[in-house]
Amino acid sequence: MGAMERIGEMTSAGAREYLTFRLDQEEYGIDILKVQEIRGYEPPTRIANAPNFIKGVVNLRGTIVPIVDMRLKFNCSKAEYDSFTVVIILNLHSRIVGIVVDSVSDVMELPPESLKAAPDVDSVIDGDAVLGLGSLGDRMLILLDIEKLMSGVDMALAPDVV
Amino acid sequence: MAEAHQESTSSAGDFDLSQFYQIFFEEAAENLDLMEQMLLSLNLETADDEELNGIFRCAHSVKGGAATFGFSDVAELTHQMESLLDRLRRHELQPNSAMVDVLLESADAGRGLLARHQAGGEGDAPPTADLVRRIKALVAGEMVQTLPSAAPQQPLPTPVVASATVAAQSKAVLAPTPPPSNTTRSLEIRIGPLDHPAQADAIKELFRDIEGLGDITVVACNQADTRVFAVETSSTDADLLDLFAFHVSREQVSIKEVDNVAVAPETRYGIFDGAAGSPETSLYDDPPPGAPLAPPPGFGFFDGAPGAPVPVASATGVAAGSSGSTASARAVAKVASPVVQPEAATIRVAISKVDQLINLVGELVITQAMLAQNSRALDPALYQQLLTGLTDLDRNTRDLQESVMSIRMIPMSIVFSRFPRMLRDLANKLGKKVDFVTQGEATELDKGLVEKITDPLTHLVRNSCDHGIEMPADRVRAGKSETGTITLSAAHQGGSIVIEVRDDGHGMSREKILAKARERGMDVSDQMTDSEVWMLIFAPGFSTAEVVTDVSGRGVGMDVVKRNIAALNGTVEIDSAEGYGMKVSIRLPLTLAIMDGMSVGVGDEVYILPLSSVVESFQVKSDAVSTVGQGAQLVKVRDEYMPVIELEKVFQVPRFDFDKSSDIMVVIEADGSRVALLVDELLGQQQVVVKNLESNYRKVPNISGATILGDGKVALILDTGALVRRSRH
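Each protein sequence line maps, in turn, to chains C and E. Going by this note's numbering, 308 is the number at position 58 of the first sequence; the sequence numbering is gapless. Going by this note's numbering, 21 is the number at position 8 of the second sequence; the sequence numbering is gapless.
If we strip away everything but chain C, and leave its shape as in the complex, we get:
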């Protein structure tokens, strides 16, 4: 299975660091090297006829950056915008994208042995975009391949013809 192989690759590279964030009750982790910065949420400029999870574009020091609300993308029960709402600015393949999450927890290093392959379950997340599950004591961390997730066709972030 693909996920197993990917975990194999990861473990050979040694432990990796992950930025963890919360969406509702779930805890996710993404490769810290893909993260450019973390900012507070500011209302973006709406783009007409875009999917609902694309909130619009913001000005990031002169660059126009699209903002994706992960809570809407992952069908969370509520998506509120308050002073704790944060935006993680990602740098993926030289494209810059911001994702809205409920809160950022911390940065943690996961030893390879704590990674488990994710079982095939029905979920809004494309199975290919889940790297695996990390267990930290009694907490479960869903490790995302954020690059794959954001470049998916359903994200409508990049031109259709890549």
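Calculated from the structure, these hints are not laboratory results. Mixed in with the good hints there might be a few duds.
[Claimed, not checked] Quick list of simulated restraints, FRET-style, between CB atoms:
1. E/A358 - C/D332: 50 to 60 Å
2. E/A138 - C/N302: 52 to 62 Å
3. C/D332 - E/D676: 29 to 39 Å
4. C/E363 - E/K662: 49 to 59 Å
5. C/E359 - E/R741: 55 to 65 Å
[Claimed, not checked] Some residues of chain C that are not near chain E, with every Cβ distance over 12 Å (derived):
6. E287
7. E292
8. L322
9. F324
10. A329
11. E330
12. A367
13. V374
14. L383
Values in this document were obtained by computation on a predicted structure and should not be read as measured data. The C-beta atom is built at its ideal place from N, Cα and C for all residues, glycine as well.
Following the hints, complete the assembly by docking chain E onto the known chain C.
Leaving out everything else, chain E in the frame of chain C:
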């Protein structure tokens, strides 16, 4: 962090030349282009050492780089070119047109080979064996079969006097009438005694500035107050005296004719080591550039860059002889000889770094504007120092922005330089004689625009050559010189740049265009003004050419030209006089990065309209809008009904304040049609920095880009072309 570590070890383990490939390809392409330019402007009879050395250096640099990177086919080809050029610069061979042809073809083949390597070595390599054979034959001093019957080893007694039209264009005041006969006389002109002998040097300038006047060389003279010149000219004594009268009085000049026997100049003056009649050696005392002639091959690919001599070809003759004969094909004006520019220290920087700099400065300007706005409420008495500081900041950021924007500006010569070769080939093919003149090639334009303007300009120049300029026989019959002139000029006018393509061909016929338009069922009348008639040729599929050639005449093109230029926020104008030629003027904004915009409010949102497409705006009453078939809305503006586009609906703008409604119409024009946009309010006009939406997101329908407003928020720029097209469906 593990990943980063891994990468660094893997790249350090094995030194990989491939990271320098891109630099080599760029350098090589530049060198080949430079070589082509120099070859085209090379005057065969009077080729001087500097020109030949320059061409040699280009070939050498390419060869050195190719050998280093292991592109053996490129290295082999350039090696052969180098051998030929080496013999030329040692004067062991006399340059002739066959050599130039072979070298030009080799440069093309070299480009082909490089392109193949750049693409990863796929596909068939262009054949070079024949070229190599021909070069070898030339090196050995043989005549190649393809050589025209012209006898290139015998230098013609005089440089060709064929560029009179060029002179007439550029130096209208001083232009001498070209003499009917080509008889050239050798004169000795003695000027003096003079109080300031330097005055006489101005005479030399005359010969340099006026094309076709002849050649002048200084002759050593033992009287300090007198200057003696040896002149070869076809002008009469009276003409010469008239010209000299600008600088020295008539009494001081004595003209003596020397024997017109073809005696090699060397035997008479003994100071020339160049080719016969080579004036540049003494006219231009520029020292040879310090570039080493034979750098070690391993570094060859670096020496094309800073400080290499750049020829400033201000006028390059392109003429078509039926056999590419030496005389007409090399009708190169004297001013075209390379002038060595002063050493300019340059660095090669990736364009992305410059763009990043521009972005940061743009952000700085916005931050500065915000500070200025917030400080306005402060009491000047209490915060004097702070406010002074802010004023300084304001000035500095503006200066900074200006300097940074200028980095992206490149001279038009980059575009112009590709035309002499193209026209030479084209004129040859069509059997026409064409001189190509460029003006204002130092005019600077944004790099992004330069790239996009090249294709439309190419099209216009081809059109001029194909449709504008007549066949030599027809020109003579019309009382014009048989060589036509195509002029390409660029100049700044206010905040825009105007590029003109002019020709002295047969121009356009008003009647023909009107007839053609009627034939195509277009709505035309005899009352139309000339400029309206000329604009008809921009209609898709319109062509009045009687013969469709493989060059042009199919009628595709002019509409594409217009669309391309409109996409750059530019405009096109045509002026023509039947029998005398035509002129196409293109007006472009200086940069794509900044645009004059008009901001409009819809609901709580702000959109930007390009000011160039806004025609007018007015307030409407709801009863002024009528509908067609309960769907499309139309508004009557004076005598015209135009479609209404409600921005609120197009962009699904949410409404929170239902008291407010859209009652302002902004009429925009694009692609030749007008529509009225319904908006809530007009917010003002400002210059906006255009940002790309696609770099991080995707193309959004009806939106051409985005910009950042003074408060740091993003506003979307409307794509007026798309909105107009939308109303048609």
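Results of checking the hints against the structure:
1. A hinted range of 50 to 60 Å for the beta carbons of E/A358 and C/D332 is consistent with their spacing of about 55 Å.
2. Between E/A138 and C/N302 the beta carbons are some 54 Å apart, a value that agrees with the proposed interval 52 to 62 Å.
3. Take C/D332 and E/D676: their Cβ atoms lie about 37 Å apart, and the range 29 to 39 Å holds.
4. C/E363 and E/K662 have their C-beta atoms about 58 Å apart, which keeps the hinted 49 to 59 Å range intact.
5. At about 59 Å, the beta-carbon gap between C/E359 and E/R741 stays in the expected band of 55 to 65 Å.
6. Separation of C/E287 from chain E is adequate, the least Cβ-Cβ distance of about 14 Å exceeding the 12 Å criterion.
7. Consistency note on C/E292: stated as away from chain E, yet its beta-carbon is not over 12 Å from all of that chain's, at 9 Å minimum.
8. For C/L322, the requirement that its beta carbon stay farther than 12 Å from each beta carbon of chain E is met, with the minimum near 16 Å.
9. The claim that C/F324 is not at the interface with chain E holds, since no C-beta of that chain comes within 12 Å of its own (minimum 20 Å).
10. Distance check on C/A329: its Cβ is at least 17 Å (rounded) from any Cβ of chain E, clearing the 12 Å threshold; non-interface status holds.
11. Remark: the non-interface label on C/E330 is consistent with the geometry, its nearest Cβ contact in chain E lying 18 Å away (cut-off 12 Å).
12. Against the 12 Å criterion, C/A367 stays outside the reach of chain E, whose nearest CB is about 21 Å from its own CB.
13. For C/V374, the condition that its CB be more than 12 Å from all CB atoms of chain E holds, with the nearest at approximately 22 Å.
14. Listed as a non-interface residue, C/L383 keeps its Cβ farther than 12 Å from every Cβ of chain E; the least gap is roughly 20 Å.
Against the hints set out earlier in the document, a violation occurs for number 7 only.
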